[in-house]
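*Asks:* Sequence:
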Amino acid sequence: MIYKYNSTVYTPVASGKIKHNTLKSVISFCITLTLLFYFNTVLPAQNNFSQVVITVHNCQNTPIANAKVILDETSVSNVITGSEHYSQPTDSNGVATFDSIKNAVYNMKVIKCQFDTLEQNNIIIQADYNNLIYLLPIAYLPRHFFVDSATSVATWKKPMKESKDLPFQDFEDELFPPSGWQKALSNPNTYSSYWFRTNDGSTPSIPVPPGNNYYAISNSELEFSSSYLITPKIDLRGSDSIYLKYQSYYLNGYYHFEDATVMYSTDTLFNWIALHSPEESREWIYDSVDLTAFTNPDSSSFYLAFFADDHHQWASGCWTIDNVLVTYGNANPNGYYVFLDNQLIDYIDHDTNSYTFQSLTYGQTYTGAIKAVYDCRTSESVEYTWTSSYLNPPLNFGCQYTYNTDEILVQFTPPDIVSSDSATNPVSFNIYLDNAVISNTPYQGQPVEDTIMVILDSLTPGFHTIKASALYDLTIYGYPGQTGESVFSDSCTQNVVYGYHLPFHEGWDIPDFNINKWEVYQNGAQWLVDTTIGSPQGAACCKPIDTSTRRYRATLNSYYLNADSIEEGNIFLDFNLSCEVQFPNGWGILELWIYNGTKWNFLKEYTLYDTTGYYNQHCNITNYSKGNVFRIRFNYGGNTPSLGNKWIIDNINIYRLCSSPENLVGDYFWFDSIPGKETYGVKICWDTPNSVKGLYSASNNKEGRSLSGFNLYRKGENEQDYNLYTSIPYNPDSSQYCFYDSYPNVDLHQVYCYKVTAVWEDFEQCESEAAHSQDTPNNNFVCVYVTGNEKSKQSNTVYAYPNPSTHHVIIQSRKPVTEIRILNLLGKLVAVYPVLNKTKVTIDVSKFNKGIYLLKVSSKHEINTNTIIVQ
4 MIYKYNSTVY
14 TPVASGKIKH
24 NTLKSVISFC
34 ITLTLLFYFN
44 TVLPAQNNFS
54 QVVITVHNCQ
64 NTPIANAKVI
74 LDETSVSNVI
84 TGSEHYSQPT
94 DSNGVATFDS
104 IKNAVYNMKV
114 IKCQFDTLEQ
124 NNIIIQADYN
134 NLIYLLPIAY
144 LPRHFFVDSA
154 TSVATWKKPM
164 KESKDLPFQD
174 FEDELFPPSG
184 WQKALSNPNT
194 YSSYWFRTND
204 GSTPSIPVPP
214 GNNYYAISNS
224 ELEFSSSYLI
234 TPKIDLRGSD
244 SIYLKYQSYY
254 LNGYYHFEDA
264 TVMYSTDTLF
274 NWIALHSPEE
284 SREWIYDSVD
294 LTAFTNPDSS
304 SFYLAFFADD
314 HHQWASGCWT
324 IDNVLVTYGN
334 ANPNGYYVFL
344 DNQLIDYIDH
354 DTNSYTFQSL
364 TYGQTYTGAI
374 KAVYDCRTSE
384 SVEYTWTSSY
394 LNPPLNFGCQ
404 YTYNTDEILV
414 QFTPPDIVSS
424 DSATNPVSFN
434 IYLDNAVISN
444 TPYQGQPVED
454 TIMVILDSLT
464 PGFHTIKASA
474 LYDLTIYGYP
484 GQTGESVFSD
494 SCTQNVVYGY
504 HLPFHEGWDI
514 PDFNINKWEV
524 YQNGAQWLVD
534 TTIGSPQGAA
544 CCKPIDTSTR
554 RYRATLNSYY
564 LNADSIEEGN
574 IFLDFNLSCE
584 VQFPNGWGIL
594 ELWIYNGTKW
604 NFLKEYTLYD
614 TTGYYNQHCN
624 ITNYSKGNVF
634 RIRFNYGGNT
644 PSLGNKWIID
654 NINIYRLCSS
664 PENLVGDYFW
674 FDSIPGKETY
684 GVKICWDTPN
694 SVKGLYSASN
704 NKEGRSLSGF
714 NLYRKGENEQ
724 DYNLYTSIPY
734 NPDSSQYCFY
744 DSYPNVDLHQ
754 VYCYKVTAVW
764 EDFEQCESEA
774 AHSQDTPNNN
784 FVCVYVTGNE
794 KSKQSNTVYA
804 YPNPSTHHVI
814 IQSRKPVTEI
824 RILNLLGKLV
834 AVYPVLNKTK
844 VTIDVSKFNK
854 GIYLLKVSSK
864 HEINTNTIIV
874 Q
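Numbering-wise (the numbering used here), the sequence shown opens with residue 4 and increments by one.
If you are wondering where the hints come from, they were derived from the structure by calculation, not from laboratory data.
Since the model is a prediction, treat every value here as computed from it, not as a measurement.
C-beta atoms are modelled at their ideal positions from N, C-alpha and C, and glycine is treated no differently.
Warning: the hint list may mix true and false statements.
[Stated by the list, open to error] Quick list of simulated restraints, FRET-style, between CB atoms:
(1) Glu283 / Met456: 35 to 41 Å
(2) Leu188 / Ile276: 17 to 23 Å
(3) Gln723 / Leu832: 52 to 58 Å
(4) Phe605 / Asp151: 40 to 46 Å
[Claimed, not checked] No more than 35 Å apart at the CA atoms, straight line, and that leaves these computed lysine-lysine pairs for DSBU-like:
(5) Lys853 / Lys863
(6) Lys71 / Lys236
(7) Lys818 / Lys850
(8) Lys236 / Lys248
(9) Lys236 / Lys160
(10) Lys863 / Lys843
(11) Lys112 / Lys71
(12) Lys843 / Lys853
(13) Lys686 / Lys520
(14) Lys105 / Lys71
(15) Lys105 / Lys161
(16) Lys186 / Lys105
(17) Lys160 / Lys105
(18) Lys160 / Lys248
(19) Lys71 / Lys167
(20) Lys859 / Lys843
(21) Lys607 / Lys718
(22) Lys718 / Lys686
(23) Lys686 / Lys607
(24) Lys520 / Lys718
(25) Lys863 / Lys831
(26) Lys248 / Lys161
The task is simple: from the sequences and hints, build the whole structure.
*Replies:* Here's what the structure looks like:
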């Protein structure tokens with residue numbers, strides 16, 4: 004007699020020979036028959052339904068809402084009447100209520116996103132049933148745990164709430180697609196190339212930068228491809244927020260374009276819908292796709308796919324992905340337990356992602372591990388095994404730099420393990436400058452408290468990072484004849500600053516590039532100093548010298564120029580440039596470059612057609628030079644040496660100018676507000692420099708830049724030079740200033756001329772050039788004739804100044820002027836200026852011949868005649 008139940012076969016055996024396992028099966032079968040009889044014969048005669056209430060809390064006794072409670076009737080009770088299935092989410096109080104459940108035996112499962120699934124089997128329901136259960140949150144693992152064998156420093160990344168269905172995938176395993184993943188073609192009749200796994204997917208036309216070892220790629224230069232790389236099925240139900248995160252390198256071809264799309268499907272892979280397009284980039288980038296919109300009760304069957312389509316166009320591009328993860332965000336452990344060789348050695352806080360193992364022995368193998376610590380549990384351990392190559396570094400490392408030199412003093416003490424046992428002491432110390440060994444210093448038995456000093460010289464200007472290591476003989480560790488290097492000491496960074504200060508002039512009066520330390524590099528062309536040209540004699544010139552080569556080039560680099568302390572104003576480069584045309588159809592380009600302390604920057608290109616004759620070149624180099632140690636470079640080159648022409652450079656001037664005041668005006672004033680105390684004189688007004696208006700947003704400004712005030716210079720009628728007359732402090736609330744130069748500091752019937760400069764100072768001082776006249780922009784001064792008091796204004800006296808003059812003459816009248824005529828001494832009319840009722844007029848006499856001229860100034864009812872002298 005054979006009974007079959009759920010594919011289990013129970014077979015009677017000979018009497019007296021029942022084995023232990025067989026006896027258990029018979030007893031189980033009898034119990035099953037008894038339960039079947041009870042549930043299907045006895046209970047139906049009674050009330051056969053009950054209320055079931057399941058309350059779900061977390062480990063801190065807080066209700067869990069939206070947990071899914073599932074009750075499945077077991078096979079024990081459903082042989083005769085058929086199985087029942089019940090499903091109910093918990094409410095905000097964590098309660099799932101089943102009002103009418105058939106009395107039977109059930110298996111219960113409670114599911115909640117980010118919690119471990121709880122299962123309880125063989126629950127007998129024959130009356131109202133209440134149960135409080137606790138769900139444990141998933142203890143997510145720390146990620147990317149690694150120990151550097153040389154430093155003994157362990158590092159890791161914070162845990163992330165990974166989806167159980169699509170955990171972190173880095174394509175490092177040889178199996179591709181990975182377990183649960185799939186690959187498919189959009190049209191198998193047209194395409195045959197799938198996504199594939201590699202750590203070098205570059206092709207001649209489509210380069211792929213190195214990633215984190217292996218990755219998945221679709222590259223159309225290898226073979227036409229239109230394919231899907233499909234993730235495992237993902238259950239998004241019950242998630243508050245969820246994201247797809249991955250690294251992407253997406254590159255289109257030069258002539259054709261490859262489509263790259265993240266797609267999704269909810270009907271078992273038959274229909275795909277576009278969800279997201281990655282950004283094209285020439286480097287690996289992190290990409291993220293929000294999946295929160297799909298976290299609904301029907302999202303139990305959700306697939307993602309990476310779809311690459313080259314549209315059957317060769318070399319249309321590639322799409323490369325790596326480190327794929329579906330996550331609910333960062334997990335937040337309280338901290339981490341740290342283990343070494345299965346022994347708990349430390350606990351560290353949650354915001355720390357590194358740990359240094361101490362006192363490890365060179366050459367010994369260790370296993371380190373960490374566990375994330377949460378409120379109710381700890382995660383599984385993440386381990387890493389390594390063989391230690393740790394050696395003790397120098398200590399107390401530091402360095403000192405003296406400004407305007409090329410030397411740095413390095414100081415450190417020996418490792419704290421040095422002793423009289425020389426076998427364990429270091430042999431020497433390597434000093435690194437910008438990650439390259441620049442010096443090796445033998446260890447001479449200094450005790451741990453002694454300071455070892457090393458001078459590094461001949462350093463180039465700029466920022467340099469310096470560090471040290473110790474070298475050891477590894478014989479004592481079982482490696483005879485080998486040398487090991489320790490981890491690095493602490494490092495220091497110093498800015499080396501030196502060079503010629505501004506202003507800088509080079510005229511090559513002495514025919515030697517070495518005088519001002521110019522560097523010359525030549526390849527088929529030659530820079531030299533020619534003493535037969537230039538003004539004064541001496542200029543740098545360059546021309547091809549080797550006609551046997553197709554290409555020629557020559558470079559002229561200046562020495563370092565120090566503008567490190569300059570924070571105010573602008574820096575300019577002026578020079579004379581010419582080209583002696585030896586071949587009218589010749590060729591050859593001159594380039595101007597500037598080094599900003601970090602890299603060479605192209606500034607301007609000059610061709611033969613630009614420079615017929617001498618040209619004065621004027622370049623604003625502020626953005627490359629201010630606050631830096633900089634250099635200039637002239638590159639000369641071409642492709643046909645026999646047709647190259649001769650370029651000439653002379654009178655290089657590099658200087659700084661600060662922003663000047665603007666809109667300078669001057670006028671006579673008179674008032675008698677107090678009887679008997681008449682006051683008259685000159686009123687000088689100007690505006691602040693324009694750069695002040697945007698002071699803290701202007702290019703290359705530094706914190707602390709300050710306009711401190713203005714210097715006013717005056718020159719009397721009989722004085723040859725301007726003299727500092729007074730200083731006016733800067734007022735940040737004012738953009739316009741006026742100064743009254745009044746009697747008795749001025750005399751009647753005298754001409755006074757004024758200049759105004761701006762003074763900038765903070766760490767250093769800079770005085771600007773003089774402001775230009777608002778009425779006569781070519782003049783950086785104003786002149787005013789002092790007439791006297793109001794009574795003198797009753798006659799229409801006309802004044803002309805400066806007189807004599809070489810450029811401009813200002814004509815000032817007490818009545819509005821309608822016309823100005825200028826005649827020579829023979830009475831011949833030289834110029835006529837119609838005037839629209841102005842009392843002050845400026846005329847240009849720079850093109851007049853030198854001599855004496857008659858000036859006729861007409862007003863409405865009068866004509867006044869003066870003489871002016873043009874020098």
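*Asks:* Would you check the hint for Lys859 and Lys843, treating anything up to 35 Å between C-alpha atoms as holding?
*Replies:* holds (14 Å)
*Asks:* Has the given pair, Lys853 with Lys863, been kept, meaning a C-alpha gap of at most 35 Å?
*Replies:* Measuring from Cα to Cα gives roughly 31 Å; hence the hint holds.
*Asks:* Regarding the pair Lys105 and Lys71, is the alpha-carbon distance no greater than 35 Å?
*Replies:* holds (19 Å)
*Asks:* Would you check the hint for Lys105 and Lys161, treating anything up to 35 Å between C-alpha atoms as holding?
*Replies:* Cα-Cα ~47 Å, so violated.
*Asks:* At the C-beta level, are Leu188 and Ile276 separated by a distance inside 17 to 23 Å?
*Replies:* holds (18 Å)
*Asks:* Measure nothing beyond the straight line between the CA atoms of Lys686 and Lys607; if it is 35 Å or shorter, mark the hint as holding.
*Replies:* Distance ~45 Å between Lys686 and Lys607 Cα, so the pair is violated.
*Asks:* Lys686 and Lys520: Cα distance at most 35 Å?
*Replies:* violated (51 Å)
*Asks:* Quick one, are Lys236 and Lys160 close enough, alpha carbons at most 35 Å?
*Replies:* Holds, at roughly 26 Å.
*Asks:* When you check the alpha-carbon spacing of Lys863 and Lys843, does it fall within 35 Å?
*Replies:* Since the Cα atoms of Lys863 and Lys843 sit roughly 15 Å apart, the hinted pair holds (cutoff 35 Å).
*Asks:* Is it true that the CA of Lys863 sits at most 35 Å from the CA of Lys831?
*Replies:* holds (24 Å)
*Asks:* Given the proposed pairing of Lys520 with Lys718, does the C-alpha separation stay at or below 35 Å?
*Replies:* Violated, because 43 Å separates the two Cα atoms, which is more than 35 Å.
*Asks:* If you draw a straight line from the CA of Lys843 to the CA of Lys853, is it 35 Å or shorter?
*Replies:* holds (24 Å)
Going down the numbered hints, you'll see the structure goes against 1, 3, 13, 15, 16, 17, 21, 23, 24, while the others check out.
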